[in-house]
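There are 2 protein chains.
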Amino acid sequence: MRPKIYLFGDSITEQSFGDGGWGASLANHFSRTVDVVLRGYSGYNTRWVLKALDRVFLVAESDDSDGAAEPLAITVFFGANDACLPDRYAAFQHVPLDEYKRNLHSIVSSFKKRWPKTLILLITPPPIDEDERLRHPYAENPSGLPERTNEAAGAYAKACVETAGECGIPVVDLWTRMQQFPDWRKAYLSDGLHLTEDGNKVVFEEVVKKLNDGGLSLEKLTVDLPRLADIDHSDPLKSFQ
Amino acid sequence: MRPKIYLFGDSITEQSFGDGGWGASLANHFSRTVDVVLRGYSGYNTRWVLKALDRVFLVAESDDSDGAAEPLAITVFFGANDACLPDRYAAFQHVPLDEYKRNLHSIVSSFKKRWPKTLILLITPPPIDEDERLRHPYAENPSGLPERTNEAAGAYAKACVETAGECGIPVVDLWTRMQQFPDWRKAYLSDGLHLTEDGNKVVFEEVVKKLNDGGLSLEKLTVDLPRLADIDHSDPLKSFQ
Chain X
1 MRPKIYLFGD SITEQSFGDG GWGASLANHF SRTVDVVLRG YSGYNTRWVL
51 KALDRVFLVA ESDDSDGAAE PLAITVFFGA NDACLPDRYA AFQHVPLDEY
101 KRNLHSIVSS FKKRWPKTLI LLITPPPIDE DERLRHPYAE NPSGLPERTN
151 EAAGAYAKAC VETAGECGIP VVDLWTRMQQ FPDWRKAYLS DGLHLTEDGN
201 KVVFEEVVKK LNDGGLSLEK LTVDLPRLAD IDHSDPLKSF Q
Chain F
1 MRPKIYLFGD SITEQSFGDG GWGASLANHF SRTVDVVLRG YSGYNTRWVL
51 KALDRVFLVA ESDDSDGAAE PLAITVFFGA NDACLPDRYA AFQHVPLDEY
101 KRNLHSIVSS FKKRWPKTLI LLITPPPIDE DERLRHPYAE NPSGLPERTN
151 EAAGAYAKAC VETAGECGIP VVDLWTRMQQ FPDWRKAYLS DGLHLTEDGN
201 KVVFEEVVKK LNDGGLSLEK LTVDLPRLAD IDHSDPLKSF Q
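One line per chain: the protein sequences are X and F, in this order.
Position 200 (the first sequence) corresponds to 200 in UniProt numbering; numbering is contiguous.
Position 116 (the second sequence) corresponds to 116 in UniProt numbering; numbering is contiguous.
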């Protein structure tokens, strides 16, 4: 049977199968070996998903009765909404920093308990381009102030990195990684928050690296049916007996 | 639990999660409602997959014990390799026309028996640009003759359309549909056989149309967790109780 990698997160995960998206690129990378399964929920924060965790992974849990469905890996990519400021128009999505960290711990613990062998990979929220956020509000915003700041996103990213350290699991520090490139605002963000194709490429490459580090490389995964290069041209059916 | 749509086919399916690919676009289209599961096998013809059908869908079959895993739909997209000419360099992939049709019938019958409610959607092979095939051989080809012709692909496409009629299931006649556009060779094919982004778009749009016709539209599918627009800003957790 073909194993799974879950992509669990907010809109940056939900949109990851759009053109050039990091989710689609992962599915393409693992096209013969792994099912890349999308569990992205636009607008969600860690408080909401924690309440809904059993509903999201109900099937996986029931599959576990035969021990077959433990995923190879799961990416956990929340924080961009938690980091909405509590006194701006997206305040209903805000989760205080200490609660965000506790929630991430709870999510990781839940997965560790359910799937002891699964590689759990945290991804921090991306950096924020505040000017672009003002140009792309998703609600009336007469205040003239952005609903997110890069500084706040950075605090949540730091808490995410700390959580990974405390849990002994890998993390992609996207907030730091993206800002290493001088033109990160235009190159990686389409609306000051969501990702361009180049931004998606960064996530894809960083996730592949961490999966490789965790032993989930193409070389180590097995195919369910032989590759064309391994089929004998003079007797193809030999491969299917 | 989230239902599945399987994409079952050859390289045109295996590559469908590349940039702008029709599989990724389907996964994006159904991002909150359906798992789009890739089962593409480059180079395969109907003879080989028929031998391997139980291995490809083993999991789904065992899942069936609880009646949970019957997919909503499955696309069956073979014929491009069957239509390789028997006296050219890719002869080992060739399957005679009458056997191709019999094999397609067997594949459809097997799915119908296993999953009586699943929408089975056949897709014909695309048209072939013979000049481009000569420029993109995948083996030594001193003959100066292409391994596929558009005429042969058309005969297999016709057999695929007939099979769909005989089985009472829908079909995307890609061979005919693509050639309705005068510049189809350049617009839709990247190497005379595989699809450009525009070619992928044609497949995506035609598949979505057929799924809609079969009742699998976004409007009729339910989400596992509420959309952001349906969450009460003054009491978000109400949605998660």
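Calculated directly from the structure, the hints in this document are not laboratory data.
Mixed in with the good hints, there may be bad ones.
Under the rule of at most 27 Å between Cα atoms (straight-line distance), these lysine-lysine pairs were calculated in the DSSO-like manner [what the hints assert, rightly or not]:
id: 1; chain 1: X; residue 1: Lys186; chain 2: X; residue 2: Lys201
id: 2; chain 1: F; residue 1: Lys210; chain 2: F; residue 2: Lys112
id: 3; chain 1: X; residue 1: Lys238; chain 2: X; residue 2: Lys220
id: 4; chain 1: F; residue 1: Lys220; chain 2: X; residue 2: Lys51
id: 5; chain 1: F; residue 1: Lys113; chain 2: F; residue 2: Lys201
id: 6; chain 1: X; residue 1: Lys112; chain 2: X; residue 2: Lys238
id: 7; chain 1: X; residue 1: Lys117; chain 2: F; residue 2: Lys4
id: 8; chain 1: X; residue 1: Lys113; chain 2: X; residue 2: Lys158
id: 9; chain 1: F; residue 1: Lys51; chain 2: X; residue 2: Lys220
id: 10; chain 1: F; residue 1: Lys201; chain 2: F; residue 2: Lys186
id: 11; chain 1: F; residue 1: Lys117; chain 2: X; residue 2: Lys51
id: 12; chain 1: X; residue 1: Lys158; chain 2: X; residue 2: Lys186
id: 13; chain 1: X; residue 1: Lys112; chain 2: F; residue 2: Lys201
id: 14; chain 1: X; residue 1: Lys209; chain 2: X; residue 2: Lys117
id: 15; chain 1: F; residue 1: Lys201; chain 2: F; residue 2: Lys4
id: 16; chain 1: F; residue 1: Lys186; chain 2: F; residue 2: Lys220
id: 17; chain 1: F; residue 1: Lys186; chain 2: F; residue 2: Lys113
id: 18; chain 1: F; residue 1: Lys158; chain 2: F; residue 2: Lys220
id: 19; chain 1: F; residue 1: Lys51; chain 2: X; residue 2: Lys238
id: 20; chain 1: F; residue 1: Lys210; chain 2: X; residue 2: Lys51
id: 21; chain 1: F; residue 1: Lys220; chain 2: F; residue 2: Lys210
id: 22; chain 1: X; residue 1: Lys201; chain 2: F; residue 2: Lys201
id: 23; chain 1: F; residue 1: Lys186; chain 2: F; residue 2: Lys158
id: 24; chain 1: X; residue 1: Lys158; chain 2: X; residue 2: Lys220
Checking against the hints above, which ones are violated?
Numbers 5, 6, 11, 13, 16, 17, 18, 20 and 24, in rising order.
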